Each structure stands twice: as C-alpha cells, then as structure tokens.
Amino acid sequence: MAKEKMGTAIVITSGKGGVGKTTTSANIGTGLARMGYSVVVLDADIGLRNLDVVMGLENRIVYDIVDVVEKNCKLKQALIKDKRHEKLYLLPAAQTKDKTAVSPEQMIELVNELKKSHDYIIIDSPAGIEQGFQYSIAGADRGIIVTTPEISAVRDADRVIGILEANELHDPELIINRIRPDMVKRGDMMNIDDIIDILAIDLIGIVPDDESIVISTNKGEPVVMDEKALAGKAYRNIVRRITGEEVELLNLEENDESKFSKVLKLIFGK
Amino acid sequence: MRKDVVSIKGVADGIYLNVEGNDLELIKSELESKMKTASNFFRGSRFLGVRGEELSEENRTEIMLLLKYRYDFEVQIERVPEEIASVDYEPIKEIVVSESEVVQEGMTRFVHGTLRSGQEVSYNGNIVVIGDVNPGALLKAKGNIVVLGSLRGVAQAGVGGNRYAVVAAYSLLPTQLRIADYIVRPPEDDIQYKYPEIARVVDGAVVIEPYLPNK
Numbered sequence: 246m247a248k249e250k251m252g253t254a255i256v257i258t259s260g261k262g263g264v265g266k267t268t269t270s271a272n273i274g275t276g277l278a279r280m281g282y283s284v285v286v287l288d289a290d291i292g293l294r295n296l297d298v299v300m301g302l303e304n305r306i307v308y309d310i311v312d313v314v315e316k317n318c319k320l321k322q323a324l325i326k327d328k329r330h331e332k333l334y335l336l337p338a339a340q341t342k343d344k345t346a347v348s349p350e351q352m353i354e355l356v357n358e359l360k361k362s363h364d365y366i367i368i369d370s371p372a373g374i375e376q377g378f379q380y381s382i383a384g385a386d387r388g389i390i391v392t393t394p395e396i397s398a399v400r401d402a403d404r405v406i407g408i409l410e411a412n413e414l415h416d417p418e419l420i421i422n423r424i425r426p427d428m429v430k431r432g433d434m435m436n437i438d439d440i441i442d443i444l445a446i447d448l449i450g451i452v453p454d455d456e457s458i459v460i461s462t463n464k465g466e467p468v469v470m471d472e473k474a475l476a477g478k479a480y481r482n483i484v485r486r487i488t489g490e491e492v493e494l495l496n497l498e499e500n501d502e503s504k505f506s507k508v509l510k511l512i513f514g515k
Numbered sequence: 017m018r019k020d021v022v023s024i025k026g027v028a029d030g031i032y033l034n035v036e037g038n039d040l041e042l043i044k045s046e047l048e049s050k051m052k053t054a055s056n057f058f059r060g061s062r063f064l065g066v067r068g069e070e071l072s073e074e075n076r077t078e079i080m081l082l083l084k085y086r087y088d089f090e091v092q093i094e095r096v097p098e099e100i101a102s103v104d105y106e107p108i109k110e111i112v113v114s115e116s117e118v119v120q121e122g123m124t125r126f127v128h129g130t131l132r133s134g135q136e137v138s139y140n141g142n143i144v145v146i147g148d149v150n151p152g153a154l155l156k157a158k159g160n161i162v163v164l165g166s167l168r169g170v171a172q173a174g175v176g177g178n179r180y181a182v183v184a185a186y187s188l189l190p191t192q193l194r195i196a197d198y199i200v201r202p203p204e205d206d207i208q209y210k211y212p213e214i215a216r217v218v219d220g221a222v223v224i225e226p227y228l229p230n231k
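Chains A and B, in that order, give the protein sequences.
Okay, so the first sequence: first residue is 246 according to our numbering, each after it adds one.
Okay, so the second sequence: first residue is 17 according to our numbering, each after it adds one.
Extracted from the complex, chain A is given alone in its bound form (with noise of 0.2 Å):
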C-alpha cells in the first residue's frame, strides 16, 4: 500500500431483527463499490452469519473474522473479494461459533487496520443490544439506522439511537425499509413522517417493499446492480447520500413503471 488511506467505518443497525440490515448493507456496499470506492463489508453477525449468502460468496469462505481476531491467519487472508466488483471485499462471520469470540477491543483494532486500505467499512450488525451489537458499534465512525413502518420496529430503532448517543455515536441516519405506498396512502402504514416524528434523525432513504428484493438476495445479486427495480435505484440513492452528495427522495407514488406494468395488466388480465 503506497499511502494509507484514512476510511469511514459504517455500522447499519436497528435493534429489531428481520427489518433488512444484512440486505442494506449488502447493497450499500455493492453500491459504494459500484460507485469506485475501495470497501469492505463486515459481517458482525456471529453464529447467525448471512451476508455472505446475500452477496453469494457462502462458497468461497476459508477464514473468518473470529480466526482473524485469533490471529489464525492474515487479515488479508480472511477478505473474500467479491466475483463482480474489484474494489468490494468481504469478511464473513464465523458460523461454528458465537459472539462471545470477539471483544469491542478487538474489533476497533480489526476496523481501525481495515480502515488503513479501504474507504469505507459497512458493519452489518446482529440484531438486538447485546454483545453483538456492542462489539458491532466499538469500531463504527457512522451509525445508520434501518427500520420499518411498524411500531415494534420504530420503538427498537428508538432505544438504539439511544445507545448509539450514550456511546458517542452522534447523528446516526435513518433508512425506512419496505414502504407499501398504497398502504400508506389508505392510512394503513405509518407514513414517513410520523416515524421521523418520533426518530427525529436526518432521513438518508427510503426503500420500497419490492419483490426484486427477495428475488436478488435468493440469487446471491445485491438489488442495486437492478437497473430496472425501484429498490435498486432506491439504495442507489442512499448510496450517493452517503458519499455527500444531495439527491431527491423517491416519488414511490407516481412510478411510471407500476403505471406501465398497470396497463399490461388491464391489456393481459394478468
């Protein structure tokens, strides 16, 4: 390495499980990578690990963050490059064992020589407050927080931004995941800025419920390398947010595509 970079570590975490944390993270790795950046995404979830399988690099883990942490092999060894983006690393999690393997300590040091090389470090986070997450949050210079129009969901985005504050993890982000805009719109979905309301943090995305979602993290694709799918550009977006650059929120109601896909639909039936 000719000069050493100084990067961003990111952590993407919410509290509550199953809001899409390892799907964000994903993505937004992908996209800073698509973007030209150097990154490494880090899967913090021990014993539970499933970036990999999101990012469809299951098959070519050797080592992982707790043999690294063990100093059973180089930190460079450890780091799986992705098959389709040069600068996009990944570390995975262990899967044999849990998250006692690793101390905060140890993973400031983990972040802080990653930092050295790459631009950006995204923190996939467990679920939950517990050892996980604390070890999860020890490195991160930026926090962003993904939650979902549910109460339940917004309650545990709320203690965490609480944690992340008492930690000094000042102005964590806010991406809300899998808006229905019909729902909303019928008054069945908490809209936007009631959960802003409550959160009271800068909004950096939203991204709709989309089935591309389900279809690209079952295919091993990040949804962001989707031109076509709302919430590829969506995450694209939040992306771009990220690096400092002022981009519009999406219209999710006047999608020309659902407008067209509408037509066919009345023309087939279907």
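One or more of the hints may lead you astray.
Unchecked claim - For lysine-lysine, the following BS3-like pairs were computed, each having C-alpha atoms within a straight-line distance of at most 30 Å:
| # | chain 1 | residue 1 | chain 2 | residue 2 |
| --- | --- | --- | --- | --- |
| 1 | A | Lys342 | B | Lys50 |
| 2 | A | Lys321 | B | Lys156 |
| 3 | A | Lys342 | B | Lys52 |
| 4 | A | Lys321 | B | Lys52 |
| 5 | A | Lys464 | B | Lys44 |
| 6 | A | Lys326 | B | Lys84 |
| 7 | A | Lys319 | B | Lys210 |
| 8 | B | Lys84 | A | Lys316 |
| 9 | B | Lys210 | A | Lys316 |
| 10 | A | Lys473 | B | Lys50 |
| 11 | B | Lys50 | A | Lys321 |
| 12 | A | Lys342 | B | Lys210 |
| 13 | A | Lys430 | A | Lys250 |
| 14 | A | Lys328 | B | Lys84 |
| 15 | B | Lys156 | A | Lys344 |
| 16 | B | Lys156 | A | Lys464 |
| 17 | B | Lys44 | A | Lys316 |
| 18 | B | Lys44 | A | Lys332 |
Claimed, not checked - From the derived model, a few chain B residues whose C-beta atoms are all more than 12 Å from chain A:
| # | residue |
| --- | --- |
| 19 | Val27 |
| 20 | Arg67 |
| 21 | Lys84 |
| 22 | Val91 |
| 23 | Gly129 |
| 24 | Gln135 |
| 25 | Pro151 |
| 26 | Gly176 |
| 27 | Pro190 |
| 28 | Val200 |
Stated by the list, open to error - Simulated restraints, written as ranges between beta carbons of each label pair:
| # | chain 1 | residue 1 | chain 2 | residue 2 | range |
| --- | --- | --- | --- | --- | --- |
| 29 | A | Glu456 | B | Lys44 | 53 to 61 Å |
| 30 | B | Arg86 | A | Arg404 | 53 to 61 Å |
| 31 | A | Lys319 | B | Lys44 | 38 to 46 Å |
| 32 | A | Arg329 | B | Gly141 | 36 to 44 Å |
| 33 | A | Val459 | B | Asp29 | 54 to 62 Å |
| 34 | A | Asn436 | B | Asp205 | 41 to 49 Å |
| 35 | B | Arg86 | A | His415 | 36 to 44 Å |
| 36 | B | Thr130 | A | Met280 | 42 to 50 Å |
| 37 | B | Asp20 | A | Asp416 | 53 to 61 Å |
| 38 | A | Gly262 | B | Ser23 | 33 to 41 Å |
| 39 | A | Asp416 | B | His128 | 48 to 56 Å |
No lab work stands behind these hints: they were computed from the structure.
The model shown is predicted, which means the values in this text are computed figures rather than measured ones.
Positions of the beta carbon are idealized from the N, C-alpha and C atoms, including for glycine.
Given chain A, work out where chain B should sit, using these hints.
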C-alpha cells in the same frame, strides 16, 4: 534431551498427562501452549489421570479442574488411584503405515442425525454421518468423510495433508469441499445429480464422480 514439563501419553483406553516438577505456574503455561497446538488431537479421548512424582495433591486437583473446565476434557474429579501414579506402563509402539493405508482403516466417529448450520464435527480419524449435513455445518476429519444423506455444508477431509482422503455422499452438493490442501467449490450453474458421488484428489485436482456407475 530436555524433558517436557508437560507431556501427553496415549494408551489403549485413553490418555494420561505426565507432569515434571511441582511449579504450578510453569505447568499451567506449558499446558496452555500444548493445548493450543494439540487440543483437537485429543478431543474425544478418555482422560485417565495426571501423573507426576513431585506433584502435590492440591496441584494435581488444580490441573484436573483446569483440564475439565478450561480444555473441556471428560475428567472424573476424584482421587487418582495410587497405582496409576506409580506404575510405569509400556507406551504403545507407534505403528508406521503409509499415507494411503491410513485412510483404508482407522478410528471412525459416527454422527447420528442431521448436522445443522453452525454445528461442527472435527475428528482425528474418519467421520460417518448418518443423516444430512446442512449449509453452514462443518465437518473436519483427518481421514475420510462419508455422509449417508445430503452433504450441503463444508467438508474437509485429510486435515493435516492426507491427499488420499475421500469425501462421499448419497447426495454430494457441498458449499465447499476441502481435501488436504485443495479447496474447491461447485461451479456457478451446478447441475444436481441424483446418484451418490465421491470426491478424491486425482493428479493434483479434486475429481467428483459417481461411485456406483451402473445405478
């Protein structure tokens, strides 16, 4: 030749720990470094006792506790019979066999039931799984691995470098396959075969083929 402070001796029905001197701190640190390098090797062995002429009774108990709780050995914590401490047994002679013979016979661990994500079986011999091995599960054997079901997780045969080791399964669909120092993964557009297959190293490459060609 300098005698090791701590040494482990295997006999037919288990292992003994031999200790020189009575310096507990030294013994502890030697034991730690020994276990770091060799704990897998002894895992699953029956632990028969701690032997040492100069060892005090308290220190002996301390070491037993250490083995039980720190290194996870099956230790019965009770007074060690006197005769064990005094009788000098004949160490079993090391039988020299070629590498290819090692995987023809030897100790085998049988695993009954399905291994799920996050479960790991590692054994200083062969492993036979009577059940499935799911993605996220890990098998590590010094010898062969046979799965009487679907192998979808990671299998590592020939740990320590034995290239004659094989991996066989009724349905061989591993996430990743390792034999000795070879690591392979299935091709991206893998076709699922409906017959049992075996993986072995042939001419420096891992080859997978059906072992019942007429079925």
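Going down the list of hints, with the structure as the test:
1. Simply put, A:Lys342 and B:Lys50 have alpha-carbon atoms about 22 Å apart, close enough for the 30 Å limit, and the pair holds.
2. Straight-line distance between C-alpha atoms of A:Lys321 and B:Lys156 comes to about 23 Å, which keeps the hinted pair within the 30 Å bound.
3. Restraint check for A:Lys342 and B:Lys52: the C-alpha separation of about 17 Å stays at or below 30 Å, so the hint holds.
4. Taken as a hint, the A:Lys321 and B:Lys52 pair is honoured in the structure, with Cα atoms around 23 Å apart against an allowance of 30 Å.
5. A hinted pair counts as satisfied when its Cα atoms are at most 30 Å apart, and A:Lys464 with B:Lys44 does not qualify at roughly 50 Å.
6. Using a Cα cut-off of 30 Å, the hinted pair A:Lys326 and B:Lys84 is violated, with the two alpha carbons roughly 41 Å apart.
7. A hinted pair counts as satisfied when its Cα atoms are at most 30 Å apart, and A:Lys319 with B:Lys210 does not qualify at roughly 40 Å.
8. At roughly 25 Å between alpha-carbon atoms, B:Lys84 and A:Lys316 fall within 30 Å of each other, so this suggested pair holds.
9. Only pairs whose Cα atoms come within 30 Å are accepted, and B:Lys210 paired with A:Lys316 is rejected, the gap being roughly 41 Å.
10. Restraint check for A:Lys473 and B:Lys50: the C-alpha separation of about 58 Å exceeds 30 Å, so the hint is violated.
11. For the hint linking B:Lys50 to A:Lys321, the alpha-carbon distance of about 28 Å falls within 30 Å, and the restraint holds.
12. At most 30 Å may separate the alpha-carbon atoms for a hinted pair to count; A:Lys342 and B:Lys210 exceed this at roughly 33 Å.
13. Taken as a hint, the A:Lys430 and A:Lys250 pair is broken in the structure, with Cα atoms around 46 Å apart against an allowance of 30 Å.
14. Proximity of A:Lys328 to B:Lys84 is assessed by CA-CA distance (about 45 Å); at most 30 Å being required, the pair is judged violated.
15. Annotation: proposed proximity of B:Lys156 to A:Lys344 holds, straight-line Cα distance about 22 Å (limit 30 Å).
16. This hinted pair checks out: B:Lys156 and A:Lys464 have alpha carbons roughly 28 Å apart, not beyond 30 Å.
17. Restraint check: the Cα-Cα separation between B:Lys44 and A:Lys316 comes to about 22 Å, which is no more than 30 Å; the hinted pair holds.
18. Using a Cα cut-off of 30 Å, the hinted pair B:Lys44 and A:Lys332 is violated, with the two alpha carbons roughly 46 Å apart.
19. Distance to chain A confirms B:Val27 as a non-interface residue, since its nearest Cβ pair spans about 31 Å, more than 12 Å.
20. Separation of B:Arg67 from chain A is adequate, the least Cβ-Cβ distance of about 31 Å exceeding the 12 Å criterion.
21. Look at B:Lys84: its CB is around 19 Å from the nearest CB on chain A, clear of 12 Å, so calling it non-interface holds up.
22. For B:Val91, the shortest C-beta to C-beta distance to chain A comes to about 23 Å, beyond the 12 Å cut-off, and the non-interface label holds.
23. A cut-off of 12 Å between C-beta atoms confirms that B:Gly129 is not in contact with chain A; the least separation is 17 Å.
24. The beta carbon of B:Gln135 is not kept farther than 12 Å from every beta carbon of chain A, the shortest such distance being approximately 7 Å.
25. With a minimum CB-CB distance of about 7 Å to chain A, B:Pro151 fails to clear the 12 Å threshold, and the non-interface call is violated.
26. Residue-level check passed: B:Gly176 sits 15 Å from the nearest beta carbon of chain A, beyond 12 Å.
27. Not every Cβ of chain A is farther than 12 Å from the Cβ of B:Pro190; the closest lies at roughly 8 Å, contradicting the non-interface assignment.
28. Against the 12 Å criterion, B:Val200 falls within the reach of chain A, whose nearest CB is about 9 Å from its own CB.
29. Distance hint check: the CB atoms of A:Glu456 and B:Lys44 are about 59 Å apart, consistent with the given range 53 to 61 Å.
30. In this structure, B:Arg86 and A:Arg404 break the distance hint of 53 to 61 Å, their C-beta atoms being roughly 37 Å apart.
31. Range check, A:Lys319 to B:Lys44: about 29 Å between beta-carbon atoms, so the 38 to 46 Å window is missed.
32. Against the hinted window of 36 to 44 Å, the Cβ-Cβ separation of A:Arg329 and B:Gly141 comes to about 41 Å, which satisfies the hint.
33. In this structure the supplied range 54 to 62 Å holds for A:Val459 paired with B:Asp29, their Cβ-Cβ distance being about 55 Å.
34. For the pair A:Asn436 and B:Asp205, the supplied restraint of 41 to 49 Å holds, since their beta-carbon distance comes to about 43 Å.
35. Restraint check, B:Arg86 to A:His415: a C-beta distance of roughly 41 Å satisfies the suggested window 36 to 44 Å.
36. For the hinted restraint 42 to 50 Å between B:Thr130 and A:Met280, the CB-CB distance of approximately 43 Å keeps it satisfied.
37. Against the hinted window of 53 to 61 Å, the Cβ-Cβ separation of B:Asp20 and A:Asp416 comes to about 58 Å, which satisfies the hint.
38. Under the hint 33 to 41 Å, the C-beta atoms of A:Gly262 and B:Ser23, about 49 Å apart, miss the expected range.
39. For the pair A:Asp416 and B:His128, the beta carbons lie near 54 Å from each other, so the given range of 48 to 56 Å is met.
Figure legend: structure checked against the earlier numbered hints; hints not met, in rising order: 5, 6, 7, 9, 10, 12, 13, 14, 18, 24, 25, 27, 28, 30, 31, 38.
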